[in-house]
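Q: These are the residues of each chain, in order.
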Amino acid sequence: MNAPPVDKVLVSILGRALKSITDEMSISMEKTTRSPILCEAKDFVTGLYDAEGRMLEQTENLPILSFSLSPVCRHIAEHFRGEIYPGDVFFHNDVFSFGNQNNDVAAFKPIFHGEKLIAWSATKGHQADIGGAVRGGYNPGATEVWQEALRIPAVKVYERGKLRRDVWDLIFANIRLPIVEEDMRAEIGACTVGERRLLELVERIGLERFETHKQALFEAARKMMTAEIRAIPDGVYQGEAKVYFDGRTPGSVYTIRVTITVDGERIVFDYSETDPQTNGFVNGTYTSSASATVLTFLQMVNPGIPHNDGMVEPLEIIIPEGTILNAAYPAATTFGNHLCPPNADAIIRALAPVIPERVTAGWNPLLCSLTSGLDPEKNDSYVDIFFMGLKGGSGATCECDGYDHIGMIDASGGILDQDYEMFEQSTPHLLLQHELLCDSAGAGKHRGGLGVVSRVRLGGEGTELVTFGDGDVEPAFGLFGGGDGTLNSIELHYPDGKVYKTTSKDIVRTVPAGTLYVQVAGGGGGYGDPHQRPAELVREEVRNEVISLEAAREIYGVVLDEQTLEICEAETRRLRGGE
Amino acid sequence: MALQIGIDVGGTFTDFFLWSADGRIETHKTLSTPSDPSVGVLTGLEAMAEKRGESLGDFVAGIRTIVHGTTVTTNATLTRKGARTGLITTEGVRDALEMRRGIREEQYDNRYRNVVPLIPRFLRRTVPGRLDRRGREITPLDQDAVRAEARWLAAQGVEAVAICLMNAFANPEHENAAEAIVRQELPRAYLSVSSRVLPAIRFYDRLSTTAINAYIGPVLEGYLHSLTTKLAEAGFAGVLLIMQSNGGVARPEITRELPASTLLSGPAAGPRAAVAYTEPHGEKSCILIDMGGTSFEASLVRDGAATLQTEGEIDRLRLGLPMLGISTIGAGGGSIGWIDDGGLLRMGPESAGAAPGPACYGRGGRRPTCTDAILVLGYLDPQRFAGGRMSLDLEQARQAIERCVAKPLGLSVEQAAEGMYRVINANMAHGVREITIKRGLDPREFPLVVAGGAGPLHACAIAEELGIRTLLVPATASILCASGMLLSDLQHDYVRSYVTSFADLDPARLQTLIGELQARGEEELGREGVPASRIEHQPALDLRYVKQYHEVTVSLPREVIDRADLGAIARAFHREHDRLYGYNLEAEGTALELINVRLRSIGRTEKPALPRLAEGGADPEAAARPPRRAFVPRSGGYANVPVYDAALLRAGNVIDGPALIERSDTTVLVGAGFVARVDAHGSYLLSATGAGE
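Chains as they are written, first to last, in the numbering used here: chain A, 1 to 579; chain B, 1 to 693.
Keep in mind the hints are simulated off the structure, nothing from the lab.
Here a beta-carbon is modelled for each residue, glycine too, at the ideal position from N, C-alpha and C.
One or more of the hints may lead you astray.
Not everything, but these chain B residues come out facing chain A in the computed CB check (under 10 angstroms) [claimed, not checked]:
no., residue
1, 166
2, 343
3, 344
4, 501
5, 576
6, 640
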């Protein structure tokens, strides 16, 4: 070894510079895309990878996407070895070559320093449509990938800077909405931003120093991660969680089982005991499931570890093909990202007894709906994912309450509500209610995050409603004496007075105008005995109407005067066992 | 004698900049008095009067204009010491203010908490009544409910009420009706009504802005009352103007109606001063950096005007009013150097502040700060810090760096200090990128103007990091904002939403809207005593491609609006979109839509001229002090670096880097590879001499 010496200060500076590039790529995406799921909900990730596809840095708006680009980048680098040129652009979504979800389409741009491939810039965003049988891509009836989506294995859409018009047209001829074409242009634009800036950086510090200091950056992140793992007692820990309803067989239940082995500086997540795949679309891909594992574990360690290849290097994830978390070709898998919540639950349950100070109680999982149809006043079609309705509460920790209205763990507050007025501009619907829901949080010394209730008067013509998600059977779990959160639900109150409660994976083909849509996103699980929650805090929350008088008395053991909300000390002491 | 004075109340110091009609200037600094900042203002005025040998009354009576920047509203917001505030909003949306669209900024940190809302849930009250997306009434406003809720809020003792109803951007009638009722029930409360504070689409942005406005309304009122009373008692009979976040000034009576416009009151004056100092050199655009004790701020001036943004935040709360686009990072003289778990050197954001302060202050600080590194590198004279009012302990600085940085990294103290210096410079360079590259601008195209006590020691290194070849250290660098206040115009920004596709745009409606905004501008500037001949209006439109979510604000010549020249408007939009985001869709024929109409009304003020410095030759030898051993960045080693006394420099002096120029309030490092010229106004123009890297 005769490598030039590492300048430790330059390593710090390089890390900062890479982060500023991926941030800039992210801003470019946010500001130029059309689909609300991108520009409002920010369901995309931007990143830089080295020539072999190892993650240098990324800006993740949505954690579930965060670890989904690197495997594809490695695949492309390998698959096209010898045929990668300056000016190339690749598209990819294929879940059987390391994609995570059909709708998440990635753009990759190789970065050359002279003749030498030195890195890749990439973006991946959830596209509003990806062909297949159902507009928007969620097809609960699908049994094979082709019923869900257009498969895009790694393809070159630009070669040496020249658009391959035939390839481009083939792709977009199979996608319904023209905005997808525009949004993929925005992805390429963001890659170009990343390419330009990385080249400027390499110009400044020199290629050789870039390479050596990149290694040092990986090493620093690896050291931070191994320090975290060493702090967990060695041992073998097991946890499991249920997946309810595969979209085809009512009452069907599957189990995710994880065995976590901590041994010195390494940690292994082994899913070999997990149930086989379903014959519907409730299946994960390796990439989506491994992303879920990583993001759950990252929430248990120092949040300051730089996100690069060195950080994930000490983690080993075993998910046998054919399980519900890694379905074999040609299974339908669109639901795969939404297996993150039960996957996280299994991991939390396994580790809670060992590192109680680092875990959360259970999070509210996603239950979401998508409406599409015609807005007659504007004579225009629309597609809307009802983000604001899907965001429940997170689980509490040993030192603080859960986060209200944050949404499922795979987004962790990265997906934003539509602005109410923009929602009414872009759909024919009327928002009647969107508020925190009293008593929705799991009780505890630290309570779970609150859920929300939404009510919408559906308008327009030809309205179709698709639901996807979970959390309507088993609520977010409490820990160490904390209570469970509440369930998710979606109901349609038709103008004729009938009420239809949707399943968690449903299509309602024609919803009449005037239907009242009612959705509840439940709260997160509580942590610790509710009787230990300070009575004054309970009183304040009763005043704010997020805990009811009844719950304060029955669950928290705090008795309040109904008029003045004064704490009745004697009664409270009696209920709380004289503490 | 006609005096004008700029007063900038900061967190630690209150800065004064006095300009006499005969062209002389005086500057002064005094400690701020956070519990009532007007006390510090008067203390400073007394001290200045004394220095001039005048009584406070005589001095104050001679002041024609005071322009004042204040942090009272900012501090009230950050420390949650605003008014007890209630909200009246539409049934069903009680929690939008608290939920902040459901964001958690730190996605991997499960201990990260939401912001405490300015208005707690029990004081957020909802009423029936609903408008649709075009402002048409679906359900009439329930006036009895409004009255009942207003009475309830009155019983709760609220001092301010925010009123924000769904879709009020399109039709203010429900809000007007609600306001009238609340006014009856709470005659003394401060009212903030969304359709006047920010009549623009986007409920959360409007609600948050209206709530902030209500929350700080009584605070600003109380402060202005205290200040104007004290000034009047002292004999002040001139005009008091308040600095606004948009870089303009306003009379207190206008500011009272929109207190949220003062949240960046201090820093907003900086760009104006910066451009005043660059203009003699033919530059109307620049990057301004300001590095103080705990934070570093970067902002951008283009074509003589500060770059504003309408998507700002304060303490994670959205503020939709136009305010200086500023990037703030935790980098200052007090920033602490530390080693993370992966063995990497980091600087800040934690700061040693004023207490305990850097290790070298000898006040018990044991962790190494940027100032300690600077001292070890030889850039500060330990005996002459703060104009000689304070001495620094080099040994303490060395020990702190040795213990916390050098030893863990296996470096010498000097190497560690150099590393700290480089890392914090990289952090600050990142802050400059935030306001340039992220907006599609190349920082190399702008001169760097350097302000703040700590800025001039780092400026050359930051410039090199960014590839900038020209720097300017203004004569008033350490009190730049106070000096900028006298150079600001009266300025008000107005917005109204008009959501329409371009195809359906009604030119008459567009012109009516602009006309209404203009009438309001004329009315407000008229109340501020600005004659019509000094009023200017600048229209702009917020446009986007159909179905995009974010708009681009496009400034347009007045005649383009008057002619409703949609072609010219579209072309201007395509150009701006391309400039910002690297592409446009003109060739694709993609349709446009209009979201907001904006108007900026400006009342031009008379501005003082910069004082001139006596001329001298190129040779600065007359100002030379004994040289000092100091680190020279690009050479990688220490050398005897020439030191100059700023007070003895003359216009025309030329100083080759590396060199140090010592002022009483700051030290300038002229880097190796730079040459400094003292200009006619006493500023230093630094140019890179090499061919560049």
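Q: Now tell me, hint by hint, if it's right for this structure.
A: Tested hints:
1. 166: Check passed: Cβ of residue 166 of chain B comes within 7 angstroms of chain A, closer than 10 angstroms.
2. 343: 6 angstroms, holds
3. 344: At about 5 angstroms, which falls below the 10 angstroms cut-off, the nearest Cβ of chain A leaves the hint on residue 344 of chain B intact, so it holds.
4. 501: Hint on residue 501 of chain B: holds, closest Cβ of chain A at ~8 angstroms, below 10 angstroms.
5. 576: 12 angstroms, violated
6. 640: It is violated, given that the least Cβ distance between residue 640 of chain B and chain A is near 25 angstroms, above 10 angstroms.
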